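> Sequence:
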Amino acid sequence: MEGFSIKFTSATFLILIITFNFYISSSLAIDYGAEKASTEFIKTSCSTTTYPSLCFTSLSHHTSAIQTSPRLLAQTALSVALNHVVSTSAAMQKLSKAPGMKPKEVGPMNDCLQELTDSIDELKRSMGEMNQLNGSPKYRLLISDIQTWVSAALTDENTCMDGFAGKAGNTKNVVKGKIVNVVHLTSNALALINSYNSLHG
1 MEGFSIKFTS ATFLILIITF NFYISSSLAI DYGAEKASTE FIKTSCSTTT
51 YPSLCFTSLS HHTSAIQTSP RLLAQTALSV ALNHVVSTSA AMQKLSKAPG
101 MKPKEVGPMN DCLQELTDSI DELKRSMGEM NQLNGSPKYR LLISDIQTWV
151 SAALTDENTC MDGFAGKAGN TKNVVKGKIV NVVHLTSNAL ALINSYNSLH
201 G
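Residue numbers for the sequence shown follow our numbering, so the first one is 1 and each next one is one higher.
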């Protein structure tokens, strides 16, 4: 009788292990399938932007947040752009206080910092409106505001870079390297916002 009890317990345990492994395998298969679908969706969507390679690399780590939603894709792209502008602005603030900056670079640097501050404000306002988009009866008004603000942010970022045009020196190169990246990210975000909006035409 005791031997039967041991065999029964062992068999039950084995069934539980098999069931658990099946459940885990099924969950992983579903997760992998969803991630693969999201990755393909991001890649295809990014192919319509001006900087598709940057678009994909900047968003491919956000598959769980984006899934296959054009709205969430645009929202995530906007969030990524905003985060990079914020970090770039902080780096530029630090650079502006570093020794060795030439007098002729001080003006453009201060102007650039102001442009980035404006860009951050505009992108934050856009993010706030993006969070209200889904199912909103004010969709047309909201998307128009978002497009206007992101376009303005892109203009501000380009203006920052233009301020160093014709200036020689290491500061110009550092600024250009940092600003070009945020310009491209913001451009991609705007393109994905426009693509999302086209679905509502």
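Source of the hints: derived by calculation from the structure; they are not laboratory data.
Note that this is a predicted model, so its numbers are computed, not measured.
Here a beta-carbon is modelled for each residue, glycine too, at the ideal position from N, C-alpha and C.
Check before you lean on any hint, since a few could be wrong.
[To be verified] In the BS3-like style, the derived pairs of lysine-lysine whose C-alpha atoms are separated by at most 30 Å in a straight line are: (1) K124 x K172; (2) K43 x K94; (3) K124 x K94; (4) K97 x K43; (5) K43 x K104; (6) K94 x K104; (7) K172 x K97; (8) K97 x K138; (9) K138 x K94; (10) K97 x K36; (11) K176 x K36; (12) K124 x K138; (13) K43 x K102; (14) K138 x K176; (15) K94 x K176; (16) K124 x K43.
[Unchecked claim] Just the calculated beta-carbon pair ranges, DEER-fashion: (17) S195 x G128: 28 to 38 Å; (18) K36 x V106: 31 to 41 Å; (19) K36 x D121: 16 to 26 Å; (20) L113 x N134: 47 to 57 Å; (21) P103 x A65: 17 to 27 Å; (22) Y139 x T39: 44 to 54 Å; (23) K97 x H200: 40 to 50 Å; (24) S64 x A91: 37 to 47 Å; (25) T68 x T148: 40 to 50 Å; (26) D162 x G33: 25 to 35 Å; (27) Q132 x T155: 15 to 25 Å.
> Please write out, lowest number first, the hints stated earlier that are contradicted by the structure.
Hint check: 2, 4, 5, 8, 9, 10, 11, 13, 14, 17, 18, 19, 20, 21, 22, 24, 25, 26 fail, others pass.
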